[in-house]
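Number of protein chains: 2
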Amino acid sequence: MKQLLIVAHGSRRVAANKEVLTMASKVAANLQLAAEDVAVAFLEFSEPSIGVAIDACFSRGVKEVVVVPYFLSAGSHVINDIPHEIDKVRHRWPDKNITILPHVGASGTMAKLLAQTC
Amino acid sequence: MKQLLIVAHGSRRVAANKEVLTMASKVAANLQLAAEDVAVAFLEFSEPSIGVAIDACFSRGVKEVVVVPYFLSAGSHVINDIPHEIDKVRHRWPDKNITILPHVGASGTMAKLLAQTC
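The listed protein sequences derive, respectively, from chains A and B.
Heads up: take any position in the first sequence, counting from 1, add 6, and you land on our numbering.
Heads up: take any position in the second sequence, counting from 1, add 6, and you land on our numbering.
Chain A on its own, in the form it takes in the complex:
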């Protein structure tokens, strides 16, 4: 079973956080995964945190979590904060795997998407 975890910044605006949840549902549909196989976590302003979200995955038997940093640039959140939070989780689950993918802004097709929106 593939378990994705989309990690977003999080916002004080509830609607912005809901937008991420909707995006996760669409990604699950795109990948023909169940809704629970594409989880969401937030760094700030919303819940669950990365730690709580990954604990929940591993507690229900998932063996590997693939983290998708939902960020456009490799700023401090991507370079420092997300890996730091994940290191803390790894200590609790030594027999499980956590993989961090490149941030979404690094996608080779982002420029094309952006051009299409203009």
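Take every hint as true, because none was put in to throw you off.
Below are the EDC-like pairs computed for lysine to aspartate or glutamate, each with C-alpha atoms no more than 20 Å apart in a straight line:
{"no.": "1", "chain 1": "B", "residue 1": "94", "chain 2": "B", "residue 2": "50"}
{"no.": "2", "chain 1": "B", "residue 1": "118", "chain 2": "A", "residue 2": "42"}
{"no.": "3", "chain 1": "B", "residue 1": "24", "chain 2": "B", "residue 2": "42"}
{"no.": "4", "chain 1": "B", "residue 1": "102", "chain 2": "B", "residue 2": "43"}
{"no.": "5", "chain 1": "A", "residue 1": "118", "chain 2": "B", "residue 2": "25"}
{"no.": "6", "chain 1": "A", "residue 1": "118", "chain 2": "B", "residue 2": "42"}
{"no.": "7", "chain 1": "A", "residue 1": "118", "chain 2": "B", "residue 2": "43"}
{"no.": "8", "chain 1": "A", "residue 1": "24", "chain 2": "A", "residue 2": "42"}
{"no.": "9", "chain 1": "B", "residue 1": "8", "chain 2": "B", "residue 2": "61"}
{"no.": "10", "chain 1": "A", "residue 1": "94", "chain 2": "A", "residue 2": "53"}
{"no.": "11", "chain 1": "B", "residue 1": "118", "chain 2": "A", "residue 2": "25"}
{"no.": "12", "chain 1": "B", "residue 1": "118", "chain 2": "A", "residue 2": "43"}
{"no.": "13", "chain 1": "A", "residue 1": "8", "chain 2": "A", "residue 2": "42"}
{"no.": "14", "chain 1": "A", "residue 1": "94", "chain 2": "A", "residue 2": "61"}
{"no.": "15", "chain 1": "A", "residue 1": "32", "chain 2": "A", "residue 2": "43"}
{"no.": "16", "chain 1": "B", "residue 1": "69", "chain 2": "B", "residue 2": "91"}
{"no.": "17", "chain 1": "B", "residue 1": "94", "chain 2": "B", "residue 2": "70"}
{"no.": "18", "chain 1": "B", "residue 1": "69", "chain 2": "B", "residue 2": "93"}
These aren't lab readings, by the way, just hints derived from the structure by calculation.
Please arrange chain B on chain A, whose structure you already have, making use of the hints.
Just chain B now, kept in the frame of chain A:
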């Protein structure tokens, strides 16, 4: 002449800001525009600001600037900060047009791109 302005959050990490500049170049190439026709501005941590960037466009004769909020969710930056900064510019250039596009995360193809990266 179409003038785009990609507005990003900005980062303390120089590499993250350069990433946005590289993205702008790719968007220009995608749209067969000159490099200067796709400008970049930052809300925080880097320059130019939205005001300085738009002033520069209008000062060189551009009649309309199309602002592309390079954000994944409609948080406070998208809903409040960017429009606020642009309102301030509008007062200085009453005969020019500024259009704000939806933030990039609202793109109908973002879920597909995200699914492809997983």
